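With the hints as a guide, dock the two chains, each given alone in a separate frame, to form the complex.
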Amino acid sequence: MSDNVRRVVSVIVYNESSTLSRITDLFSARGYNIESLTVAPIPESKYSRLTIVTSGSSRVIEQIIKQLHKLIPVLKVYEHADLVEKEMALVKFPMGENISDIDAICGAYNGKIVNVGTDVIFVMVADEPKRVSNFLNAIKKYHPKEIVRSGAVALER
Amino acid sequence: MQISGAQMVIEALAQEGVTTVFGYPGGAIMNVYDEIYKQENFEHILTRHEQAAIHAAEGYSKVTGKVGVAMVTSGPGFTNAVTGLADAYMDSIPMVVISGQVPMSLIGTDAFQEIDAVGISRSCTKHNYLVTDASDLARVLKEAFHIAATGRPGPVHVDIPKDVTAQIAEFDYSKPVELETYKPVTKGNARQIKKAIEAIAAAKRPLLYLGGGIINANAAYEVRELAKVMGIPAVETFMARGTMGHENPLLISMLGMHGSYAANMAMSETDLVIALAARFDDRVTGKLSEFAKNAGVIHVDIDPASISKLVNADYPIVGDVKNVVEAMLELAPKKIDSARYEPWLETIGHFDSLHPLQYHEDSERIKPQWVIERIGELLGDNANISTDVGQHQMWTAQFYPFSRPRQFISSGGLGTMGFGFPAAIGVKSGAPDKVSINVTGDGSILMNIQELMTAVEYKLPVINIILNNNFLGMVRQWQTLFYDKRHSSTDLSVQPDFVKVAEGFGGIGYSVSTKEEFDAALKDAVEKNVVAMIDVKVHRMENVLPMVPAGGSLFNMMLEYKDK
Ligand SMILES: Cc1ncc(C[n+]2csc(CCOP(=O)(O)OP(=O)(O)O)c2C)c(N)n1
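Sequence lines, in order, name chains A and B.
Once you know that position 6 of the first sequence is 6 in the working numbering, the rest is easy, because the numbers rise by one and skip nothing.
Once you know that position 433 of the second sequence is 590 in the working numbering, the rest is easy, because the numbers rise by one and skip nothing.
If you're looking for bench data, these hints aren't it; they were derived computationally from the structure.
A portion of the hints provided could be inaccurate.
[As the list claims (entries may be wrong)] Pairs of lysine to any residue, SDA-like flavour, derived with a Cα cap of 20 Å:
1. A:K112 / A:G151
2. B:K719 / B:Y640
3. A:K46 / B:T338
4. A:K66 / B:K340
[Claimed, not checked] Chain A side only, calculated, beta carbon under 10 Å to chain B, not exhaustive:
5. R22
6. A29
7. K46
8. Y47
9. E62
10. Q67
11. H69
12. I72
13. V74
Because the structure is a prediction, the values reported are computed rather than measured.
Even for Gly, the Cβ is constructed at its ideal location relative to N, Cα and C.
Just chain B, same shape as in the assembly (with noise of 0.2 Å):
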C-alpha cells in the first residue's frame, strides 16, 4: 500500500505488536506525532524529559520482555535520550527508538536543531539506521525490532529525516527480514557441552555464577533446575538477582564489590567457575589476577565477544543461554553426582556462618537496610523493585528477599542516578497488578523528578521510597573511606520538602523517621494506590558493607567500618 513515511512508522508499531510507546514530540517528528494522534493501536505516555522516556521504555522491557520502543524529536531531543541509550546499551535492554531528523535537503547545514544523531548513538547502541527514503522504512524498522531482540539484545536506534516522514511510498511488512551478515549464534556446541559437563563431574568445588543474560533469555527457571539436579551451589551478579529466588538453599548471594563475604569466598575457593550469561565485569571480578585464580572457566554466552574477554574461558560455550542449560539438563542427571559436592556446600555454609550478611541497629534512626527489609516482609513477591544509584541501590541488592526473575529493574552497567522513578512508571505500565516501588536516594530521585507529572497524570501509581541521608551517600562513603572524610560537595542537607513536592504535582507525600511511620506509610501507599513519595529519614553515615575496595581481590573484604 501507499502511505507516508509517518503513517509507516505506526502501521510498523502496529505490526511488531506494540502498545505502549513513551515519547516527547518537537518539530522534526510532528508529522509522526500527528499521525500518533489519529490512532488507536497503542498508548503515548507523555513523559516530562526525553532521558525518562527512555528509561520508562528500559522498565517496561525489562519488566515484559517485550521490546521498549520510545520516540523523540531532533536536536536537544536526541541529545537527551542519549543517557537512556547508553544505559540500555550497557545492560542489553531491547529497545527501539526513533529521532525524527531535519529535513534531507538540510541534513549538513548545522539546520535548527540539526545533530548528527547516528554519529552520536553509533557507540552507544547495537545498530543504528539514518533513512533518508521512505521506501526503506519498513525493511529498516523491521530489522530493528529483530536485531533489538535476537542474539545479545541491544538499543537500535532509526533516525528519520522530516521530509521522509511526509514522503509517500510503498509499504510492504511481510517481508522476511534478510540479514545476510547477522545471524547469531543460539545453539551451543554439542560437544562443548559435554565436556563442560565432564569437567562438572570432575570438579570438587564447582560455583554457578549467574549473570543478567539468563533473565533477558528467560532462562531463570531452567537455571534453577540445573542449579538443583546437579546439587551445585550459585552466586548471582547484581544484574542477576532473581534468578535463583531468595528461599532457594542453593543460592548463596550476590558477589561483587558489594557481595557477601559467602558469595565472595565461594568464589575464590571454587575449582570450577560454570559461567552462565555472566560478563565478569570488574564490579563483579574485583582485581582479576586473584579472581576464581586456580579455577577452570565455563563461560556460557550469546554474545562471542564476551567470552574470554577478561578471563580466559577454558570450556567457551557460544549459544543461548537457555537452549545450552536445556542441553545440559538432559546430560547432567546421568553424569552428575550432585552427593560429591556437599563438603563443598558445607564450607560455603560456614563462610556464611562466619560473616552473614548483616546491619546493626540504632536507636535513635532507622537503619536503610531495614527499610529494605521491611518492604520485603510486607510486600515480598507482590512488588517490582526499581532503585536509583548509590547506596540505597546496593542495600536493595543486598537485603530485598526477590523472588522471580524481571522484578528487580536497576542501571547496572552505566549506573545512571535518575532511572529509577521513570523506569518504574515504564514497569508499573507493563506489570499494573504489581505494586511498582521506586527505591532512591535524596540525590537520584532529583534527577528526574519531574516524571510526577507522568505519573500522576497517566495514573501511574509509583511508590518512591527515599533512603534520605543528607547524602550523595555513595560518593560520600568513598569520601570517608578512602578521602580522609574529606566529604567535597556530597553534603545533600539543603533539600526539598518532598511532602509538599509529591503534592505539588498531585501525589501523596510521608514524612517518616520511626518504623511505625514506616509501615503506616507504606500501608497507606499501597492502599491508595496513587503516586507517593515516602521520604525517610536514615542514618546518615551508614556504609555499604562488606566492600571490596576497587581493584582488591575478592577475599580482601572489609566487614566492618570503624570510625577512628
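Bound conformation, chain A alone (with noise of 0.2 Å):
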C-alpha cells in the first residue's frame, strides 16, 4: 500500500463549460492531489483530452479512475506506465548571461532560444518530464528570471 509513485492518468471527456471542474472537483472532494493537468481540444472532435499527473498507491488510482469513469461526459480513462510523455519548460533569462552556453544546453533537451528582447532571452526546451527537471536544474547557474512548465501531455503507444 506503500507503493505511493508517479502516475499519468489520460481522460478523453465530452467538451462542455462544466467537464474541467467536474474533474477536479472528484480529486479535491476525495484527498487526491494533482501534480500537473493539461487539457485541450482534440482536432476534429467533440472531445478534449486531459493529462493528469497525480501520484498515490495502487488502490488510490484505481479509485480514483473508477470515479473519473463515473462522471457522465467522460468517455475513455487511460493509466498505464506505456505512454509517450513530453513537456514544455519556458524559461526567461538576463541577457547578461551566457548564451551560447544556455544554447549548447538547450540543444541537448530539445529547445532553443525563440525570443530575444533588449534585455531577457526566452528559451524553451520539450522533452519527457524528467528530463526537463534535470535541465531546470542544469540551467540554474545562469540565473534564471522565470520558469513556466507545461505539465505533462501523453499519448498511450
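The following block contains the structure:
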C-alpha cells in the first residue's frame, strides 16, 4: 500500500464548460493531489484530452480511475506505464548570461532560444518531464528570472 | 412544436409519465409554476419547506420505484434543497430536481437570489445541468430522467434560468437519448459468474451479504430464490431490510454497528462473502482489517467504483444485480448442493440462541423496542415504515417484521434527521393503500414539523409515532458510553405539547404512556385515517444494543450495558 508513485492518467472527455470542474472537484473532494493537468480539444471531435499527473498507491489510482469513469461526460480513461510523455518549459534569462552556453544546454534537451528582447532572452525545451527537471537543474547557475512548465502531455503507444 | 421553456418542462414531465411533483415556488421558477397552474397531467404537492419537497420525492421514489420529481426556486429555495439532494445521492435514489435560476443576463452579477447552484450540487448529484438555451431542454430533461434511473441510480439536478423558461424554441421529445460517454454495464460477465458459482460450491460457510442496491434493482424476489436454491444464509444491511422477509428461515438479521450477534458472528466466521449490491459501508464492516478476515469475496455491483473500494473482491462482477442473480440461478441448481451448508446453518442457529436480539421489559415505562414490535403486530405487512434518524431508527430496523422490499424507507447514507415525516408523506402519495407510518424521535420530528400542514392539506394521513425519550437519544447514548455520561446539549426535557401541535395544524394527537393507550391510539389513528401524532413516553435511558463501537471489530460487540 505504500507504493506511492507518480502516475499519468489520460482522460478523454466530452467538451462542455463544466467538465473540467467536475474532474478537479473529484480530485479535491477525495483528497487526491493533482501534480499537473493539461487540457485541450482533440482536433475534429467533440472531445478533449486531459493529461493528469498524480501520485498514489495502486489502490488509490484504481479508485481515481473508477471515479473518473463514473462522471457522465467521461468517455475513456487510460492509466498505464506505456506512454510517450512530453512536457515543455519556457525560461526567461537576463541578457547578461552566457547565451552560447545556454543555447548548447537547450540543444541537449530538445530546445532552443525562441525570443530575444532588449534585456531578456527566452528559451524553450520539450522533453520527458524528468529530463525537463534535469534541464532546469542544469540552467540554475545562469540565474533564470522566471520558469514556466506546461505540465505533461502523453499518448499511449 | 414551438413552445416556451416552461411549457417544455410540463411537456417533458408528462411524457415521462410523472403523476406527482413536490415543490415550492419563487421568483425564478414562476414561469414554470404558471404552466403548472394550467395543466392537469400531474398533481403538484406544495410542501412547507424545500428540504421536505426533496425528501417527499425520495419517499415517493423509494416506495414506487419511479423517478421522484421536485421543483424549487433559485437561491434559498435551492440551498434548502441541498440536504435532500445529498441524501438521495448517498442512498442512490433516482430523482430529477428542477430549480429556477436568475436570468442569463444576471448570472455572475450577485443578483438577487442568485447562487451557483450547479457548483453546489456537483458534489451531491449523479449529474447536473445548467440549461442556457431552451432548445436544449428536451434533450437535457430526457437525459436527466435516463441518467437518474439507469446504472447506479441517483439524483440529477437541472438548473434553468428564468429567461430560458420564457424563451420560445422547438421542442421534440421523441429523439432517443444519445450519450456516447454513459453506457452502464448491466449484464455480468458470464465467466466471472461461473467462477463465482464454483467458489460457492467449494465453500463451507458461505454468506449472502445483501445491500440496498437489490431493492433499487427490484431484485429481492430473485435473491430470495437464489438463497433458497443454494441453501445459503443471508445478512441484510440496514438499506436492504425487507429483501428476504422476516419469516425467511435463511435470514439471519441485520449486520453492522447495531446488527444482531448472529449476523455479525456469521460475517466474522464465513469463508466466502457473497456481496450483492452492498458497498461495505463503515457502519457495516467495523474495523476493515478484521472484517470477514478469512473469507473470499464475491462482489456484485452495478457501480464498478464500489468494487474493491474498501474490501478487495476476489470475484468482481460488474452488472445489474437482477441480471447477475438470474444468471446465477441458472447455474446454481446443477453446481451447488445445499446440504453441504447445513452444519453452517446449525452454527448460526447456535449464535442466535446464544444472544438473540432482545430487550428487557420495564414495569414503569414503555420500552421503545416494544412499540416497534407492537406496530409490527398490529400492522405488519399493511404498513410502510419510514423513520427519522437516531435510536428509534435503529430499533425499527432491528425489531420491525419487514416482509417485502420498499416497505422500509429511511435515510441510511447521510442519516438526515427530518427525513422521516416528509418521506412518509411521499410514501403515502405513492402507495395510498398502505398505512404510512413515520417512526420518529422527539428531536427529529421538530426538524420538519411544518409538514403537518402539507399532510393535512393534501389529506395524506401519515401517522407519526414519536418514541419520546426527552433526549437526542442516539447522541446521548454515545455520551453515556464514551463521554463518561456528560450529556452535553442532548437533554430535550423542554418540549412542545405534541398533541396540541398536531391539533393546531388540523391533525389528531395522542399522548401515550401505557401499552393499552398505545394500542388504542394506533387503532384509532388508523381507523380515522387522518394525520396523526402519537407521542409515546418511553424509557429515557434505553440504549441501542448490541453495538459495535465505531472502528471496532464486528465480533467484539457490546451486548449489555450495566450502569455502574
Ligand atoms: C440533521 C442532523 N443533525 C444532527 C444529526 C446527529 N444526530 C444523529 S442521531 C441524533 C439524535 C436524534 O434524536 P431523536 O430524533 O430524538 O431520536 P432518538 O435517538 O432519541 O431516537 C442526532 C442529533 C443528524 N443525524 N442529522
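**Asked** Has the given pair, K66 of chain A with K340 of chain B, been kept, meaning a C-alpha gap of at most 20 Å?
**Response** At roughly 14 Å apart (the allowed maximum being 20 Å), K340 of chain B and K66 of chain A satisfy the hint.
**Status of the K46 of chain A interface restraint (C-beta, 10 Å, chain B)** = 9 Å, holds
**Request:** Using Cβ atoms only, decide whether V74 of chain A comes closer than 10 Å to chain B, and label the hint accordingly.
**Result:** Because about 6 Å separates V74 of chain A from the closest Cβ in chain B, which is inside the 10 Å limit, the hint holds.
**Prompt:** Holds or violated: is the Cβ of E62 of chain A closer than 10 Å to a Cβ in chain B?
**Reply:** Holds. Min distance 7 Å.
**Asked** Hey, does the A29 of chain A contact hint survive, CB to chain B under 10 Å?
**Response** OK, holds: A29 of chain A within 10 Å of chain B, min 5 Å.
**Prompt:** Taking the closest Cβ pair, is Y47 of chain A under 10 Å from chain B?
**Reply:** 9 Å, holds
**Message:** Is the interface hint satisfied for H69 of chain A? The criterion is a beta-carbon contact with chain B at less than 10 Å.
**Reply:** 7 Å, holds
**Item:** Agreement of K112 of chain A and G151 of chain A with the hint, judged by alpha carbon distance not exceeding 20 Å
**Value:** 19 Å, holds
**Prompt:** Does the interface hint hold: is Q67 of chain A within less than 10 Å of chain B, judged Cβ to Cβ?
**Reply:** 5 Å, holds
**Pair hint outcome, K46 of chain A versus T338 of chain B [Cα-Cα no greater than 20 Å]** = 11 Å, holds
**Message:** For a C-alpha distance cap of 20 Å, please report whether K719 of chain B and Y640 of chain B respect it.
**Reply:** Holds, because 15 Å separates the two Cα atoms, which is no more than 20 Å.
**Asked** Can we keep the I72 of chain A interface hint, with Cβ of chain B closer than 10 Å?
**Response** I72 of chain A check passes; min Cβ-Cβ to chain B is 5 Å, inside 10 Å.
Going down the numbered hints, you'll see the structure goes against none, and every one checks out.
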